[in-house]
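Visitor: Given next are the chains, with one letter for each unit.
Number of protein chains: 2
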Amino acid sequence: MEKLKGKLLYGQSGGPTSVINSSAYGVIKEALENQDIIEECLVMKHGIQGALNEDFIFINKQDEENIELLKHSPGSAFGSVRYKMEDYNDDDTDYVRLLYIFQKYNIRYFLYNGGNDSMDTCDRISEYMKHVGYDVRIIGVPKTIDNDLPFTDHTPGYGSAAKFIINTIMEVSYDMLAYPKGKVTIVEIMGRHAGWLTAAAYVATKNGYGPDLIYLPEVPFSIEKFKKDVRKVYDKKQQCLVAVSEGLSNKEGVFLSSSSALKDAFGHFQLGGVSSKLAQIINNEMRISSRNIELGTTQRSAAHLQSLTDVNEAIMVGKAAVKFAIKGESGVMVTIDRVSSSPYKVKFGKQPLSMIANKEKTMPVSMINKEGNGITDEFLTYIMPLIQGENTPKYKNGVQQFSKMKNGISKGN
Amino acid sequence: MEKLKGKLLYGQSGGPTSVINSSAYGVIKEALENQDIIEECLVMKHGIQGALNEDFIFINKQDEENIELLKHSPGSAFGSVRYKMEDYNDDDTDYVRLLYIFQKYNIRYFLYNGGNDSMDTCDRISEYMKHVGYDVRIIGVPKTIDNDLPFTDHTPGYGSAAKFIINTIMEVSYDMLAYPKGKVTIVEIMGRHAGWLTAAAYVATKNGYGPDLIYLPEVPFSIEKFKKDVRKVYDKKQQCLVAVSEGLSNKEGVFLSSSSALKDAFGHFQLGGVSSKLAQIINNEMRISSRNIELGTTQRSAAHLQSLTDVNEAIMVGKAAVKFAIKGESGVMVTIDRVSSSPYKVKFGKQPLSMIANKEKTMPVSMINKEGNGITDEFLTYIMPLIQGENTPKYKNGVQQFSKMKNGISKGN
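As given, the protein sequences belong to chains A and B, one line each in that order. Whatever position you read off the first sequence (first residue = 1), add 87 for my numbering. Whatever position you read off the second sequence (first residue = 1), add 87 for my numbering.
Hints listed in this document are in silico derivations from the structure and should not be mistaken for laboratory results. Possibly wrong hints are sitting among the right ones.
Copies of the same chain are indistinguishable here, so a pair counts whether it falls within one copy or spans any two.
Pairs of lysine-lysine, DSS-like flavour, derived with a Cα cap of 25 Å [unchecked claim]:
| id | residue 1 | residue 2 |
| --- | --- | --- |
| 1 | Lys-319 | Lys-90 |
| 2 | Lys-116 | Lys-493 |
| 3 | Lys-171 | Lys-270 |
| 4 | Lys-268 | Lys-448 |
| 5 | Lys-491 | Lys-92 |
| 6 | Lys-437 | Lys-116 |
| 7 | Lys-217 | Lys-483 |
| 8 | Lys-457 | Lys-315 |
| 9 | Lys-312 | Lys-481 |
| 10 | Lys-191 | Lys-481 |
| 11 | Lys-481 | Lys-323 |
| 12 | Lys-90 | Lys-324 |
Bear in mind that the values here come from a model prediction, so they are computed numbers and not experimental data.
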């Protein structure tokens, strides 16, 4: 294999996870270990937008402390973006610009860290560069708390978000149980199409403090069935904890969160997210006191409660991306392939970007109970290894320390 | 001082904090160290309701592991309750019952752990027992995340809730900053009348990742001023992070969360909590994308992110309550008196329950900025010592372990 010498350009895209910066750390460390090939490591500021604007962060200008803190920083330490590349057959402006930048900096390694849409971006760039004959190795680095990328056992970011959700729900449940007569509490969890994160709440249930009922986007949601389910639990326990996915939809496929999906008993449309609507229905139609908790972006940004397994895998995925690229791979995304669950063992593989872009992996039917309001134990075998170990936060005077990257001198440095 | 031999009865009441069980731990440990005086330690199940129902948890029947886990368990490990005792001049049913129970078990130490309302309950029981001449030492053990009890520098529970809020907001902020153009994010924090918890968000701001604007219940809230404030920040930064207290009210004293307080541009009443309403206003009237985050009960139940200072003080407050009672004090609440901020040093004092019941301590004007949309550095001197140190959670297989108390044999054991 010939050695392709040049610079490496890495970027982050889409909604962050609490460990996406750990993948950045892996990329950076592996690049530094291969300086005979990778001359320099550049990072796009705000993903592809930074690449197009020549707005870079130069890793060799950062101090070691901030590089190490990447393993403890939520969000996208280098900035993220949501930017959709056109098909280059329709409009090649961005691609021509990107080629100019690649040539100007001698960028031969392009690593893009993101979810579904980002893999699509990666794929389009890869195709274009092949088309024009510019030799660059393009690798997708997966991340998403939603865990909905195909061909990988799971995605970096999922384990930490799941661990935060499990432990937070256990706390909410333990808190609820203090009262002799309680409410119906509805916790809303992220995931528009895939229930992986919401299903994680079952681990809390298995540990004694979790939801009585769990509803996933994979199962068409019926208000009447939901009310019956809640009534049954409430009559028995005088309280009820429910986990719902933000992506619940009725059998016609209409999201409950869309403003027209639900009318209350008086014919008014319910406002707000799924959990807020359902709490209103329980309050108004069942006359049981109900409240909702939307975990919101805390789910993806809770750097203080990460799974060490997830952090380490995120690092390894970043390293694997660089290794694959050096070996000559291009147009692929790194995958995590589970070798065994007990003992837990994975290896890192690859899959063509074209196979991954714009596809979603949902929960298998075998992990959902027959009633469609709970999870089966098969899911536990899957998830438990992913939440093991803690990545103790770097507190200083009681507050977390996050990485502060120095901006590069952009525009033609 | 004569030694008053007998049993100790402890109970928890009101909304829990993440360290109320640490105070229970302190009470139990101190009681066990004084077995020549305190013959046995009983805990009411669900506070005063358990006392009235003779529903007790017997500490000598618990194993050591579950006692130790009290320091890591959120909520009320022994159950809580919201129960208002009548004035015994109006209706002495509960008091007569309680006297019967006290006599039956030879209860000579009654320790009640709670906030404002619980101190009122304590005070009424104390008055009644004096009135009927039953010798029992009654001590209030303070707790509340709201930090609104008078005569104590701060309350156990505040430091941990504040630390959770600070670190969570820093994560949300760091996550937001990843995008070149952001939203207006409004974080809603607990506190109906006192802004102590909301003000804590300023620590996040001081550390580089916190709210641009902070609104407390102490300052009458004006929508027009709020819109101007947001506009100013947004025009400069293309994003804006706001922390609001759930207890914001307008200059007429009407809570914004009440359904009639706010109309949108179309004359419709806004639904939901304060942050949801304000986000709707920004979306609809200012045409800036806005979202809200309600931290909800996670603020008081986040056992996984406690301040070690808070945990230790909660234990010490529990111990102090027992020590005061043994010394012959009664009808008082334990207070935390700050000796100095730097180095941080406190001692434990006491204050008559009658002085505390139904009073609230709000933020001093000097800790609020002149514009009424931020906090002054004077507040930092106050809060920083309270969030120091971490109480590492007891994880097992990735999930927290909580205390599981064995129920007693109730009804006339």
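Visitor: Compare the structure with each hint and give your call.
Guide: Now for the hints, and whether the structure bears them out:
In this assembly of identical chains, Lys-319 and Lys-90 lie within 25 Å of each other by CA distance neither inside one copy nor across copies; the values are 66 Å within and 53 Å between. In this assembly of identical chains, Lys-116 and Lys-493 lie within 25 Å of each other by CA distance solely inside one copy; the values are 18 Å within and 51 Å between copies. Only between protomers do Lys-171 and Lys-270 lie at most 25 Å apart by alpha-carbon distance; the minimum there is 19 Å, versus 44 Å within a single protomer. Taking the shortest alpha-carbon separations for Lys-268 and Lys-448, neither the intra-copy value of 40 Å nor the inter-copy value of 30 Å comes in at or below 25 Å.
For the homomeric pair Lys-491 and Lys-92, neither the shortest alpha-carbon distance inside one copy (29 Å) nor that between copies (61 Å) is at most 25 Å. Proximity of Lys-437 and Lys-116 under a CA criterion of 25 Å is satisfied intra-copy only: 20 Å inside one chain copy versus 57 Å between copies. Taking CA atoms no more than 25 Å apart as the test, Lys-217 paired with Lys-483 passes in neither setting, with 48 Å inside one copy and 50 Å between copies. Proximity of Lys-457 and Lys-315 under a CA criterion of 25 Å is satisfied intra-copy only: 16 Å inside one chain copy versus 53 Å between copies.
Taking the shortest alpha-carbon separations for Lys-312 and Lys-481, neither the intra-copy value of 46 Å nor the inter-copy value of 38 Å comes in at or below 25 Å. Proximity of Lys-191 and Lys-481 under a CA criterion of 25 Å is satisfied in neither setting, with 39 Å inside one chain copy and 53 Å between copies. Taking identical chains as interchangeable, the C-alpha atoms of Lys-481 and Lys-323 are never at most 25 Å apart, the minima being 44 Å within one chain and 31 Å between chains. When the C-alpha separation of Lys-90 and Lys-324 is checked against a cutoff of 25 Å, the pair qualifies neither within a copy, at 66 Å, nor between copies, at 44 Å.
Against the hints set out earlier in the document, violations occur for numbers 1, 4, 5, 7, 9, 10, 11, 12.
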